[in-house]
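A.B. asks: Residues per chain are reported as follows:
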Amino acid sequence: NAGVTQTPKFQVLKTGQSMTLQCAQDMNHEYMSWYRQDPGMGLRLIHYSVGAGITDQGEVPNGYNVSRSTTEDFPLRLLSAAPSQTSVYFCASSYSIGVHYGYTFGSGTRLTVV
Amino acid sequence: QQQVKQSPQSLIVQKGGISIINCAYENTAFDYFPWYQQFPGKGPALLIAIRPDVSEKKEGRFTISFNKSAKQFSLHIMDSQPGDSATYFCAARRSGTALIFGKGTTLSVSS
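Residue numbers (our numbering), protein chains in the order written: chain R, 98 to 211; chain P, 73 to 183.
Honestly, I wouldn't trust all of these hints.
[Said to hold, decoys possible] Pair ranges (Cβ atoms, derived):
{"#": "1", "chain 1": "R", "residue 1": "G137", "chain 2": "P", "residue 2": "K143", "range": "42 to 50 Å"}
{"#": "2", "chain 1": "P", "residue 1": "N99", "chain 2": "R", "residue 2": "S164", "range": "23 to 31 Å"}
{"#": "3", "chain 1": "R", "residue 1": "G137", "chain 2": "P", "residue 2": "K130", "range": "38 to 46 Å"}
{"#": "4", "chain 1": "R", "residue 1": "N159", "chain 2": "P", "residue 2": "S79", "range": "39 to 47 Å"}
{"#": "5", "chain 1": "P", "residue 1": "K77", "chain 2": "R", "residue 2": "N159", "range": "37 to 45 Å"}
{"#": "6", "chain 1": "R", "residue 1": "T102", "chain 2": "P", "residue 2": "K129", "range": "28 to 36 Å"}
{"#": "7", "chain 1": "R", "residue 1": "P180", "chain 2": "P", "residue 2": "K77", "range": "23 to 31 Å"}
{"#": "8", "chain 1": "P", "residue 1": "I90", "chain 2": "R", "residue 2": "S164", "range": "42 to 50 Å"}
{"#": "9", "chain 1": "R", "residue 1": "G137", "chain 2": "P", "residue 2": "G89", "range": "21 to 29 Å"}
No lab work stands behind these hints: they were computed from the structure. By construction, the Cβ of each residue, glycine as well, lies at the ideal position given by its N, Cα and C atoms.
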């Protein structure tokens with residue numbers, strides 16, 4: 098049982114390049130979300146999904162696209178990387194059963210845009 | 073507009089002391105309030121969580137106090153230990169959406 102798997106762990110991009118951060122979970126969780134973490138800013142919500150085929154914007158969605166074609170996968174796409182997107186990115190998945198929620202975070206992707 | 077405000081930004085506590093971190097929220101539709109602990113280079117890990125129909129929840133040395141009328145909740149770490157030195161985040165969630173986090177508190181427990 099791997100939990101939430103993020104790849105790659107580290108990435109360096111040049112300004113204007115595109116890339117996809119991968120996130121996969123094997124817990125059959127319905128909810129998945131992407132966050133970015135910057136010093137002093139906490140974790141800010143980029144996009145989230147409440148189920149396959151359903152996505153919505155979070156606090157800082159500009160410059161990022163997502164899709165959710167399967168329950169297991171929730172990739173985050175940077176179409177044209179900018180230095181302001183240098184950050185640590187975390188993917189999370191969660192279940193919701195009645196009044197109980199359970200969140201699991203991946204180990205993160207450290208992205209540098211030069 | 074910051075939906076979850078956390079304070080203080082940093083905290084230094086002596087070993088054996090009580091660490092207290094506070095959070096305030098605006099959206100009364102939030103129905104789940106967790107606290108996360110994060111060590112350098114790691115992802116956040118759930119510490120303890122509470123729902124708004126409960127005023128206090130205790131798990132070991134960690135206690136959440138919740139004040140629904142004031143829209144505030146706090147984390148108390150009793151008998152703080154050097155191993156508790158980490159960054160702590162409060163968060164809140166509205167049903168059908170995702171967690172919104174505070175900006176974090178860096179806790180240092182001195183021995």
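A.B. asks: Could you tell me which of the numbered hints above are not met by this structure, giving the numbers in increasing order?
C.D. replies: Checked against the structure, the hints that fail are numbers 1, 3, 4, 5, while the rest are satisfied.
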